[in-house]
Structures are given as structure tokens and as C-alpha cells.
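Chemist: Listed here are the chains, written in short residue letters.
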Amino acid sequence: MAAGRGVAAEACVGQVVLPGDVLLLPTQPDEDGERLRLGASAAPRGRLLCGPGLRRCAAGLLVTKCGLLRHRQAGGGAAAGGAYWVDSQQKRYVPVKGDHVIGIVTAKAGDVFKLDVGGSEQASLSYLAFEGATKRNRPNVQVVGDIIYGQFLVANKDMEPEMVCIDSSGRSSGMGLIGQDGFLFKVSLGLIRKLLAPKCEIIQELSQLYPFELVLGMNGRIWVKAKTVQQTLIIVNILEACEYMTAEQRKQALAKLSGN
Amino acid sequence: MKATPLSNCERRFLLRAVEERKRLDGRQCYDYRNVRISFGADYGCCIVELGKTRVLAQVSCELVPPKPNRPTEGILFFNLELSPMAAPGFEPGRQSELLVKLNRLIERCLRNSKCIDTESLCVVAGEKVWQIRLDLHLLNHDGNIIDAASIAGIVALCHFRRPDVSVQGEEVTVYTPEERDPVPLSIHHMPICVSFAFFQQGTYLLVDPSEREERVMDGLLVIAMNKHHEICTIQSSGGIMLVKDQVLRCSKITAVKVAEITELIQKALENDQKVRKEGGKFGFAESIPNQKITTFKMESAAVDTNNVEEQAEEIITKADPPSEVFAKPILHTPGTAQIGEGIENSWGDLEESEREEAAEEEGESEAAAFECQKMETEDTSTMRETKKDEPIVLSDSEEEEVVILEPQELPKKTRTQTNLKQENTSKKAFNKRRRKKRAAH
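As given, the protein sequences belong to chains A and B, one line each in that order. Numbering-wise, full-length UniProt numbering puts 80 at position 80 of the first sequence, and it's gapless, one number per residue. Numbering-wise, full-length UniProt numbering puts 391 at position 391 of the second sequence, and it's gapless, one number per residue.
If you're looking for bench data, these hints aren't it; they were derived computationally from the structure. Values in this document were obtained by computation on a predicted structure and should not be read as measured data. Note that the Cβ used here is the ideal one computed from N, Cα and C, for glycine as well. Just so you know, not all the hints are guaranteed correct.
What the hints assert, rightly or not - Distance ranges between label pairs, derived from CB positions:
no.	chain 1	residue 1	chain 2	residue 2	range
1	A	CYS200	B	GLU260	38 to 48 Å
2	B	PHE77	A	VAL13	26 to 36 Å
3	A	VAL16	B	LYS52	23 to 33 Å
4	B	LEU139	A	VAL16	44 to 54 Å
What the hints assert, rightly or not - As a list, the in silico SDA-like pairs of lysine to any residue whose alpha-carbon atoms are at most 25 Å apart:
no.	chain 1	residue 1	chain 2	residue 2
5	A	LYS225	B	GLU211
6	B	LYS2	A	VAL164
7	A	LYS186	A	GLN252
8	A	LYS91	B	LYS52
9	B	LYS52	A	GLN249
10	A	LYS225	B	ARG16
11	A	LYS225	B	GLU313
12	A	LYS256	B	ARG27
13	B	LYS114	B	ARG104
14	A	LYS108	A	LYS135
15	B	LYS52	A	ALA247
16	A	LYS225	B	LEU15
17	A	LYS114	A	SER168
18	B	LYS22	A	VAL236
19	B	LYS67	B	GLU170
20	A	LYS227	B	ARG23
21	B	LYS2	B	LYS114
22	A	LYS91	B	PRO88
23	A	LYS199	A	HIS71
24	B	LYS52	B	LYS101
25	B	LYS128	B	PHE77
To be verified - Calculated Cβ distances over 10 Å to all of chain B for the following chain A residues:
no.	residue
26	LEU49
27	ALA58
28	SER173
29	GLN230
Bound conformation, chain A alone:
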């Protein structure tokens, strides 16, 4: 497409955008400087948050991933001025700072654990980055192959990613070593985001079937634990199939299962 011209960002919300598309923001002057905008919308105050799949460029926002453009209206707080991002679908995970992921311990090197998080590099996790850990009181991660739920402290393309299992106030808030039982499997990143949305229907419907424990990692990994092997397998299969099922098909499948 033409390099100079772009389309207004508001016009594209909810539509498919392709890499290379330029989205003009309302505060940007038109390319053709002769015209005056009569009744232009008020320029948004505050910072506009540029989310995943978008980059700032001279004219406005440059799309770098193909997917649907989403927008969140200006509210209070950091993203006053609204946020734009692209909902795209992929299976390969790229570490991002602040993401909560499930990692598999592959090695212990000195004072750090090396974890596989599904990215190009292994992440490092210090012994002391657990709640209540001191040099004497080490976490109980003994065996290679254990799984840990943590968040990224450092994740950029120049350095090896670093993970921690405590948040900024020093509390674990659910992170740390994940128990021995249960099952770990992988799905696409889009499904994880869908499951992590507040009031996700899939999880509500599943929780009416059997009680279970669930940990969702932004790197596409899910850990499930239910009372019996059979129940765990059912939940695993439903979550994997949710990718390709419509809502009605899912309701039918769950109705059949709860009838049994």
C-alpha cells in the first residue's frame, strides 16, 4: 500500500489490519495540510497506549502483526487517552516483561535455575526470588523437570529473560512452584488470552462440571488438576478443542458430559 497515506484508527477498530498499514490518530494533522477540519473531535488528553502488534511511526501507528484492531476507551489511570492493540493469533511465544508464564526447570546453574518458557532463550530464575526465601531457606525445587509459575522481570531481545516468583511488594500472589500432580499441555496464545479475559464463559461452564485447579501461562501452557485422571483428561480435551469449536458446539459437548 502507499507509504504516505493512512486510515484513521477509529475507522479500523474491530476490522482486520495487515502489517504495513498506517493508522492515523486524530491529533495528527492531515497529510494534505490545506484543509481545515471543521468540527474535529476533541484531541484525546493523556497518553495513548500503543499495545502489542503496533508501533509508533511518524504518521501515527504502524501495524506489525495481522489481526483485529481493538480499542479501549480512555478511563482513569495510566492509559488515559485510550489504548490500541492488535489481537493476533500465534503459537510461538516471545517473552514480554510482566507476563505470567509457566516454565519447566531444565538445569540448576550456581544460584539460578534455568527454565524453558517456550521462547528462543531459556529464562533464569534466582533462588532468592521466591517468597520467604533466604540463603539458608531455599525453595523446594529439587528436581529438574518441575514446573514453576512466575513473571518476567526482564524480557527484551538483547538479554536473556529473567523471571521472578514474587511481585513488587515481595508477596508471591499465586506464583511459585506448581504441585506434583496434574497435567501440563500447550495451546495457542489466542486461546490463553480468551481464557484469561474476565468472566470467561468457557471456564465458568467447566467449573460447573467438576472442581479443578487451573494455571494459565501466557506462553501457551496450561496446568490442570482435577480429582481423577479421567476428569483431568476431559478438561484437557475440552480446552484443546475450544480453539476450533463455536460456543454452541461447546455447550452441547458439555451438556453431554454433565448428563453422563
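With chain A held as given, fit chain B onto it using these hints.
Modeler: Here is chain B on its own, set in the frame of chain A:
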């Protein structure tokens, strides 16, 4: 890339599940996954899907001199490749243990069983024989590569057609597919591999292990058999101790499975044959289905077409009538005449006007905008015609200007034309704006 390590909880869970006779995808212990066979457009090309494991097979042939110690036999060449797209742990160019093991199994299964008649591949004894080459590519690894590869191999060989050859005395003629129909290979029987995975020192056994199950298994037993219950190859790996009756039980299971799979292969080959004969569409594009992801499902948007008609009428009544058609020929020079005044192509204009409208008129309905555009191009052309007082340029293409040659006037014309073009564009743009404002009211 390094393969993803297997976590302890997965291992424990899978072993517990095997003890309870449960499998990840809900199969029974002796169940196979779904086998899907699809053929490509060429003869000898097929893709076999065993669950999510996919193998592509391609057979090709070539006339070569035979091996010196076997002057009357054709040559068979088998090659299996693990594509890096199949699994993260596969790297190109690296001869891993798994690759060597799989290649040896395929060779033993297909070559040593003598399923292909190599004598029939001889054209001129001692000089020319057919070399049949089977290339297998693993496209996706979800366990049990050897079964999928053996099915793909034998199906591709059965599907393949080699060019027809006739020998008359010293002369050998190889016919092209257009001259004579290509001839299938002569295949005696179809050996198929069936894999068994063993757990807990041989206590539990699973047929057709998936990738997760393969990671936690103790040992693997592969039996290659044809539908006549003849065992072609048998191999046990992993160092497990198997008892005699276990092996016998496995061979009985193999017989059942091979019968089912052979039937499936026959049906698939017949179907493909029928489709080709009837002239229907064949090939991968037809047989491989589309999978849709419904994570981001967009509802179809309703377009409001209530007052489209009224708006359209409004615009039409306000528009200027189109220009008259000039039927009289205009004589430029002896031998060159022109009927009508061609409109300069407006593709360049359309782009500009479209962009301007998209930026400004978001509120208007699409239909109105479109009508505006059409009307504008008409207007600009009428205007240009009235302003022009020079010979008109006939132009079909965007890039080249077709100039009507008048010898003494040539240089002057090009200069004035460019000026005229510049003049026109600025006037056009200005008038476009004016017209747009009018239509909007």
C-alpha cells in the same frame, strides 16, 4: 532448536493414565488414530495423516544403468527426511539416531520384503533399468512416524505410474504420458508397519503411541506385516524384555490392524482412480480440508440500506448531464482521423478522491460516497473537454502517452501537453472540492 523438555508432572500423569488404561485422546489401548490419505495432482504423490502426524511421499523414476552385480533388476532408493517444521527438536542436516533408525526400518520393510517386482523394472538387461526413488518427508510429528511413513510409502508406490517403454531389437522407445498411458509398478503385496509401545517393563502395551506417550515409554516393538499374515520385518528397541506370548499377541493385533488399513488404502486408491477417470477435480487442494479458528469470530455487520435510494436519487438529480457523444470524425492529418474525444483514464484520480473521502466523510453512507466519486470523474472529464483547445490525446494505458505524430509540431506538443496536464490537475482538484461541497448539501 532444542526440543521442549518433558516436565515431571506430565510424565507422572501419563504413567498413571496408562495404568488406568486411559489415553490422552480417549482411545482404547488397541485403537489406531484416524488415517487419512489424500493424493496430489501427480501420480505417486500422497499425504498420509495418522491423527496429527503427517507424512508426504513422492515417487519418481529415472532410466539408469543397473548395478553391475544385478544387471536385470531395477534399483530402488528410499529416503526419509525429518523436516524441521515437524518438531522443534529436528534440525536440518543433522543425522540423528532417530533418523537413521527410521530409514533402516523403511528400507527393511519395503526392500527386503520384495514387495516391488524389480525384474519388471528392467528395460535393456545390463544397460538400462528404471530407478524408482521414494522420498518421504515428515511434515508434523505427533508420534508414530514409522507407521505413517510406511503407509505413505506403500500408497505412493501403488499410486505411481511410470512411462511406458517398448523395446524393438536394439531400439528402445520411451513414450510420454500423452502418447501412451503410463504404467503402474508391479507390486506383489503391501507391507505395513504397526508400532507397539511398552510401559512398566512390558506390563502395559499401547498401539499407535502419540508423541507424549512415546516420550515416557520404556520400549517399542515394530511389526511389519501384509494382509496375507506374512511378517516382513520385526524390530524391538528400548531394551525391554518381551515374553513369547506378548510377541504373539502383538502379531495377532497387527494382523487385524493391517487388514483394516489395507482395506482403507484400497478404497482410497479406487476413489482417486474414479475421480481421475471421470474428469473430476483431484489433488491436494481438493482433499485437504480447511480448518477454521473461532477465537476471534466477527459477527457479520449489518449495513443500513434504508435511505440509500433517496440519497442516490438526490445525487443524480443534482449531477450535470453527461457529455454528448461526438460522432463526427476529426481529421488531423491525411491518413489519421479520430472519432470522438477519448476520456483520459481516471485511475489516478480515483485513488486520490477515495483517500480524501475516507479521511473526511466518515459519516456519510458508502453508497453516497461512491456516487459522489462517479459523478466527479464525469464532471472533471466534461470540464477538461471544454477547456482543451488542442488535439486530444488517445490514451489507454496509465504509463505511456500515445502521441499522434505530426512531424513539424512534435516538440511543441509534448511541452504544451505537460503544462496542460499540470494545469488540469490543479484545476481538477479545486473543482472536485467545489463539486463535493455541493453534493453534500
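Chemist: For which of the previously enumerated hints does the structure constitute a violation, in increasing order of number?
Modeler: Numbers 2, 4, 11, 21, 29, in rising order.
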